[in-house]
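**Student:** Residue numbers (the working numbering), protein chains in the order written: chain A, 360 to 617; chain B, -10 to 86.
Hint data in this document are derived by calculation from the structure and do not stem from the laboratory.
Hints are supplied without guarantee of correctness; some may be wrong.
[Claimed, not checked] Covered stretches of chain B (in silico footprint by chain A; criterion: 3 or more residues with CB under 8 angstroms from a CB of chain A, positions within the stretch not fixed): (1) -4 to 5; (2) 16 to 24; (3) 28 to 41; (4) 57 to 70.
[Unchecked claim] Facing chain A, a subset of chain B residues (Cβ under 10 angstroms, in silico): (5) L(-7); (6) L8; (7) G9; (8) G10; (9) R52; (10) V75; (11) Y80; (12) G84.
Ideal Cβ positions, reconstructed from N, Cα and C, are used throughout, including at glycine.
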Amino acid sequence: MPEATRAEAVEFDGEMRDAAPRMRAEFARGFLALLPLWVAAIPSGIAYGIAARGAGLSPFETQLMSLLVFSAAGQVGALALLSEGLPRPLLIGTAMILNAQLLLLGLAAGRQLRPRWPARLLAAFFLTDGAFAVAAGQGRLRLPVLVGAGVSMYTAWNAGTALGLTAGRGLLAVRGLGLDFVLPLVFLALLVPLVRTRTTLGVALIAGLGTVALARLIPSGLAIMVAGIAASLGGAWWSTRPAARRRDETDNHSEARR
Amino acid sequence: MNTLWPILGMTAGVYAIRLGGFLLGDVALPPGIELALSFVPVAMLAALCAATLAAGAGDLPIRLVAALGGGIVAHRTGKGWACILVGMLIYWTLGRL
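Work out the full structure: start from the sequences and follow the hints.
**Tutor:** Written out as structure tokens, the structure is:
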């Protein structure tokens, strides 16, 4: 082995040794940061488990769907369509449309992280709205944080499904507590610190109001993606104008002074 | 009802959506698009917040007031857990009136 290559290999080994504990710590940070979302994810997993049994799925199929598809919107949407006896390609297409926003989240995460292939395949499987939100809210996106948050959500969703399968309807009373309201609060808590300039405030307002307006016309996942793209493009266009750039710099400075 | 194949089909479809964005990670994009992608976290958090906020059936006014309260707390304290706690407390209190 040439000297240079050997030196590089040793350096690489050293990096890997240092990297493993740091990755474990970041994975744990992501897993823990998502715990507030369990409050909403477990009850909706329970509701899905009960609804799936009601729609005629076996316990095996019900749990398998949570283990493989891992998408609340996609799975609950599928139950509605299965009970109507719709053709299967339509079922798959609907599940994809209901998760359209994940395409944009994957793009944003992929551009920033540039993960290697095995990591990419793994990160993609565990990518959810909540995991992305939690990872993005931690400052610069880190792959182990994203995967840790994703595994955390996977655990809650599958535990909820299993609870719904075994414990049954009595657990539906949990829904009366309105725990699903935790979801917008978590997203809001992560959003507020990121809104530092007038431009980001504008982007947030366009995305939020656009989603609500569009969701009346098209499925919610698609509405989130279209409004998210429009607001991001609008923000990019706006922030390249010299006047806007000066104002954003002032906003950033006054924020830094606080 | 044989639902095994639809489940496997949905698995492939949803995974393709999840992986699709990651696949574009290496493609060279125009600087304007790169700049737009830097706004995606803010835009998506706002969109997800709005979608889940509007998802409640009849109690939208209560949800809006509670979210406003939580948002103010998040802005003032910079603490996420305080936003969630205050928001839920307002939501439960107003819901009981």
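**Student:** Take the hints in turn and mark each one as holding or not.
**Tutor:** Status of each hint after checking the structure:
1. -4 to 5: holds (count 10)
2. 16 to 24: That given contact holds, which follows from 5 residues of the stretch 16 to 24 of chain B lying within Cβ reach (below 8 angstroms) of chain A.
3. 28 to 41: Check passed, 14 qualifying residues.
4. 57 to 70: holds (count 7)
5. L(-7): At 7 angstroms from the nearest chain A Cβ, L(-7)(B) passes the 10 angstroms test, so the hint holds.
6. L8: holds (4 angstroms)
7. G9: holds (5 angstroms)
8. G10: Holds, because the Cβ-Cβ distance from G10(B) to chain A comes to roughly 2 angstroms (cut-off 10 angstroms).
9. R52: Check passed: Cβ of R52(B) comes within 6 angstroms of chain A, closer than 10 angstroms.
10. V75: holds (9 angstroms)
11. Y80: At about 5 angstroms, which falls below the 10 angstroms cut-off, the nearest Cβ of chain A leaves the hint on Y80(B) intact, so it holds.
12. G84: The hint holds - G84(B) has a Cβ within 10 angstroms of chain A, the shortest such distance being about 7 angstroms.
Going through the hint list in order, the structure satisfies each hint without exception.
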